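Asks: Line order of the protein sequences matches chains A and B.
So the first sequence is numbered by this note's numbering: it starts at 8 and just counts up by one.
So the second sequence is numbered by this note's numbering: it starts at 74 and just counts up by one.
Think of the hints as simulated: they come from the structure by calculation, not from any bench.
Nothing here was measured: the structure is a model prediction, and the numbers come from that model.
Check each hint, because a few of them may be wrong.
[Unchecked claim] Here are the simulated lysine-lysine pairs, DSSO-like style, with alpha carbons at most 30 Å apart:
no.	chain 1	residue 1	chain 2	residue 2
1	A	K71	A	K60
2	A	K269	A	K71
3	A	K60	A	K156
4	A	K269	A	K30
5	B	K309	A	K60
6	A	K269	B	K309
[Claimed, not checked] Computed Cβ-Cβ distance ranges for the label pairs, DEER-style:
no.	chain 1	residue 1	chain 2	residue 2	range
7	B	I217	A	T66	30 to 38 Å
8	A	L31	B	F134	25 to 33 Å
9	B	M342	A	A213	40 to 48 Å
10	A	N22	B	V101	55 to 63 Å
11	B	Q176	A	D133	56 to 64 Å
12	A	R130	B	Q176	16 to 24 Å
13	B	F272	A	F42	40 to 48 Å
14	A	P127	B	R117	42 to 50 Å
15	A	N94	B	G135	30 to 38 Å
16	A	K129	B	V347	23 to 31 Å
17	A	A296	B	L90	17 to 25 Å
Glycine included, each C-beta is placed from N, C-alpha and C at the ideal position.
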Amino acid sequence: MSAQALINENALGRNRRIKRLGKLGLLLNPLVAYFFLWAPILVLVLFSFNQSKSVASFTGFTLKWYSNILNNVVGAESAFSTELMLNAFRNSLFVGTIATAIATALGTMIALAMARGRFPGKRLLDGLLFLPVVIPEITQAISLAIFFKVAFDWIHLLSGERVFPGFHTIIMAHVTFNISYVAIVVRARLADMDPTLEEAASDLGANPWQTFWRVTFPLILPGVIAGALLAFTLSLDDFVITFFTSGVGTTTLPVFVYGLLKLTVTPEVNAISTIMMLLSTLLIGISLALQGRGTSQR
Amino acid sequence: MSRWFRRSQKDGSLLALPTVAWLLVFFVLPLVIVLVVSLMSRGRGGVAQMPLTLQHYERTFGIFSIILWRSIGLAGLTTVVCLLVGYPLAFFISTRRRPIVQQIALFLVILPFWTNFLIRTYAWRILLGDEGTINGVLRALGVISEPLQLLNTQFAVLVGLVYGFLPFMVLPIFASVERFNFRYVDAAQDLGANETRTFLRVVLPLTMPGVLAGCALVFIPSVGAFVTPDLLGGTKGLMIGNLINNQFGGSGNMPLGSALSIVMMGVVMLSLLVYVFGNRRQTGA
């Protein structure tokens, strides 16, 4: 065998080895990826049932951390109290409900205006709606924090009234980041809708108001509901923007949880996290099921 | 007045007005205020006061440039890792033959995502801590005798960011692989292209829109990350988001925080421009 052929043979062998390695990598990739995605969650759940406080080894099964939460007996060093948590959860629901209602109305209106309106500056408006989605949360958070501070200083200067951040600031902030999401979802629905239906309604003598409530609105309703659910979920889940715009006594659930997580790793916190994971999965599952029903019924 | 009202009612702009007003007051105006504050001096208690100055930008690009570059570097690395893990994963999901298996494979990527971001990040504190699960397992196996420092490092931040944003990479790529016609692969190979060439010249260009969207969706929130470095990074893994947060406490410096924020927004806008430009070239070609 000539030297050249030998080199070729070697190169071919190496190529084949690389190829085999690549194939192996492609085979292992999903395994590794799914392990990576699920291991932290499974470990968290596992150690919420661990007998010892350690998260290094599993020593035995117990439910005592869960009963501690229910009975409100948690170590003195912990900032946790069941009452405080439930209160924070109530605050979250309150903020989420109001912010969702306002954002859904505003988002649906702008979606309709963009889809049906004929006015200049729509491209600019597109950009304005797109920005809140892509801008980093922390930027939006501090800009709102500074804005509220400046606004409250002015109010104090002009009227002598002292205003503090609270539910109103959180709600205004949540509406602001939710509008775009609602608008995106409703616009997608409007794009699927047949515009001739509206024309038919007005040809048959319906005024714009009747056309909207009798034809357009029922047709886009699934989109509006989906947008509202998305807004509510985002509102319940938001930490960064709420953290910067909340005041004393208006702690929402994520802000409360952050306070716990920041301090220590305790089995009770693992148990709370497990409960919260279960709840949010359930909530989203239900809303998806509802949405699926909404689309299959049309 | 009434003529204007009637006209704006007719062309639909009246319908847009409340939302536009809301966004101008609560989104645009605050950003303008941040820009103005970033050019002012630091007063007592960290608030802004006159006169105007550029010193906060000087500091941002001066002593804080190390943190700025670290944030960009970590976000870039996060994007690369997400791409390397997410691209094959998206292919794996979309090439499942039975629809139910495909749905489950996709579901398994999305489901962890339904958990609050804080809790998902906290889970890594359990895994990476000195007394954590990874060190516990390694010690039980006799691999190490002293715990490795995993938590409060840049590595921990990288892991946390990849964990937090991997689905943002997988989903857009999955969407574009779904549209990809696998007959093109046969065609390329019939015409004599080898596997590498087929991938580089056919598969990759046609799935590029998903790749670009995924990269933008991972890079942008990573650059501005606050929770992940806060819970996992300690002082070694400090990112620009934490630096901004630190300017809003008692010993803070609001104008500096604003300047940092403006610079970060610049980075985000730049990466968006790259995305839009790349996308246009892709679809144009």
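Asks: Decide, hint by hint, whether the structure agrees.
Replies: Against the structure, the hints:
{"no.": "1", "hint": "A:K71 with A:K60", "in the structure": "11 Å, holds"}
{"no.": "2", "hint": "A:K269 with A:K71", "in the structure": "23 Å, holds"}
{"no.": "3", "hint": "A:K60 with A:K156", "in the structure": "43 Å, violated"}
{"no.": "4", "hint": "A:K269 with A:K30", "in the structure": "42 Å, violated"}
{"no.": "5", "hint": "B:K309 with A:K60", "in the structure": "27 Å, holds"}
{"no.": "6", "hint": "A:K269 with B:K309", "in the structure": "17 Å, holds"}
{"no.": "7", "hint": "B:I217 with A:T66: 30 to 38 Å", "in the structure": "21 Å, violated"}
{"no.": "8", "hint": "A:L31 with B:F134: 25 to 33 Å", "in the structure": "46 Å, violated"}
{"no.": "9", "hint": "B:M342 with A:A213: 40 to 48 Å", "in the structure": "45 Å, holds"}
{"no.": "10", "hint": "A:N22 with B:V101: 55 to 63 Å", "in the structure": "57 Å, holds"}
{"no.": "11", "hint": "B:Q176 with A:D133: 56 to 64 Å", "in the structure": "33 Å, violated"}
{"no.": "12", "hint": "A:R130 with B:Q176: 16 to 24 Å", "in the structure": "37 Å, violated"}
{"no.": "13", "hint": "B:F272 with A:F42: 40 to 48 Å", "in the structure": "26 Å, violated"}
{"no.": "14", "hint": "A:P127 with B:R117: 42 to 50 Å", "in the structure": "47 Å, holds"}
{"no.": "15", "hint": "A:N94 with B:G135: 30 to 38 Å", "in the structure": "45 Å, violated"}
{"no.": "16", "hint": "A:K129 with B:V347: 23 to 31 Å", "in the structure": "25 Å, holds"}
{"no.": "17", "hint": "A:A296 with B:L90: 17 to 25 Å", "in the structure": "37 Å, violated"}
Hint compliance for this structure: hints 3, 4, 7, 8, 11, 12, 13, 15 and 17 are broken, all remaining hints hold.
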